[in-house]
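Asks: The residues making up each chain are set out below.
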Amino acid sequence: MGNLLRLAVVLAGKDLRLELRTRTSIVSAAVFAALVLIVFNFARDPTAVATIDLAPSVLWVTIAFASVLAMNRGFLVERENAAFDGLLLAPVPREALYLGKFLANFAFVVLVEAIALPLFVLFFNLDIAHALGGLVLTMLLATMGFVAVGTIFSAMVVKTRFAELMLPVLLLPFMVPPLILAVKTSVPLFSGRPLSEVVDGLRFLAIYDIVFITLALLLFPAVVDE
Amino acid sequence: MTAAASDARSVIVRGIVLTTLGLLGVAAVMVLALWFTPVEATQGPAQKIFYVHVPAAFTALWMAVPATAFAGLLYLWLHDPRLDRFAAASAEVSLVFCLVVLVTGPIWARPIWGAWWTWDGRLTLTLFLFFLLLGYQTMRAAIRDPVERARFSAVLGAMGLVLVPFIHLSVYLWRGLHPKPIVLKPSDPSLPPEMLHTLLYGIGAAVILYVGLVTLAYGIQLAQDLREAADAR
Amino acid sequence: MPDNSGFLYAAYVVAGVIYLGYTISLLLRARRR
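Chains F, B and R, in that order, are what the protein sequence lines are.
Residue numbers for the first sequence follow my numbering, beginning at 1 and rising by one.
Residue numbers for the second sequence follow my numbering, beginning at 227 and rising by one.
Residue numbers for the third sequence follow my numbering, beginning at 460 and rising by one.
Hints were generated in silico from the structure; no laboratory data involved.
Every residue, glycine too, gets a C-beta built ideally from N, C-alpha and C.
Check each hint, because a few of them may be wrong.
Said to hold, decoys possible - Part of the chain B face toward chain R, derived, beta carbon under 7 Å:
| id | residue |
| --- | --- |
| 1 | 270 |
| 2 | 278 |
| 3 | 280 |
| 4 | 322 |
| 5 | 368 |
| 6 | 446 |
Said to hold, decoys possible - Quick look at which bits of chain B chain R covers, simulated, 3 or more residues with Cβ under 8 Å:
| id | region |
| --- | --- |
| 7 | 331-337 |
| 8 | 370-380 |
Just chain F, with the same shape it has in the complex:
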């Protein structure tokens, strides 16, 4: 088990190093998130709907779309250089491959969120310092859910035509439960309710994450092996 994790971290590290060297995907996803936030700002009428009511939805729609964008790069890098076959030939357990990709994608999306959240606070003039802890926890748990399914799907769609379109089409239904739970958790937090009140939502998020990470680990070999 520890070996698996260590392998996964190594694989993830390779991915992240590659990404940080070129920085194109991170920059695109971050710019996208910023643009979405800006568009939302102009698309609403502040006199009609209070910012605080709209805020959780705006935040989570932005995060959801930016996550899909960020995960699109998924297995593209390997596929382009036929490096994936090399990885498969090496005596690497498939679970480690999945976990490695999962960790890389997760780190990547969290990085985009780390850029989006301050922008969100800035653009919408929100005072959510009190809710920050709970919000960050919610973001981490929901992101795990998005990435758990997104990682295995991106391995599947990378070989299809229209891969960039196929991923959101397949992924969005799976993003809905964590999305709903994340919004349900964020709303009371934004209104100043204590963390103890949203523990149920967080628990469901964690359950979703555990179930789908396990399922993806079980099914991943079927996706990459002949």
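Once you've looked at the hints, dock chains B and R against the given chain F.
Replies: Coordinates of chains B and R only, in the frame set by chain F:
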């Protein structure tokens, strides 16, 4: 015609027969509902949409979708192409039944609740099922290698099956703890006998139609696969 | 009792069209082979 091709032909014929029976059954239930089943006092005649809407929903949710998912899982274990062929056929028919649910639902909702779409828990779940199945079809169309297509479909099917209870839970959570009451529940024992009977006939007809359509779709795919295999030689 | 039988007929017709339409599309697919 080779022996295999005539097997495919007989499957198609069987499918046509069952489908015709199913279609006649659905029509018969409509006639039964229109002329013989009593009208519900508060909802009026529109309530009878129930006898088409509920059987379609039941068949899609409890037969067609699980069949696709479990056939896929079995395929992952046994690698038998027949299982994938069946899963694909069932998925396609599920899509059609989901469409019937999603169209008759709003037509029923409009006169009763005053709005076409109310994000009712069950309809919303069916909507998601519809998109999952659509994604399934789209993905299958984009993969050329039949073995890879079968494997990926099985994976998607399995994940979709696990997703369904989560969607159900989160949609009900989202709508709050007081979901809109649905006036008549199929499992409601206080349904008067004539209505219950019509409903059961409706479910029976829908199931026969499902089996017929899946058989037909399976047979057609089988014939195509055989022809492609013959062409390859 | 409300008079909404229009909706009832519409729903039945549409359902029938969907079922029948799909069946015919399958038959056409079989015929084409």
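Asks: Hints first: check each against the structure and report whether it holds.
Replies: Tested hints:
1. 270: Holds, about 4 Å.
2. 278: Where the cut-off is 7 Å and the nearest Cβ of chain R is about 5 Å from residue 278(B), the hint holds.
3. 280: violated, 12 Å
4. 322: holds, 5 Å
5. 368: violated, 19 Å
6. 446: holds, 5 Å
7. 331-337: It holds, with 4 qualifying residues against the three required.
8. 370-380: violated (count 0)
The earlier numbered hints that this structure contradicts are 3, 5 and 8.
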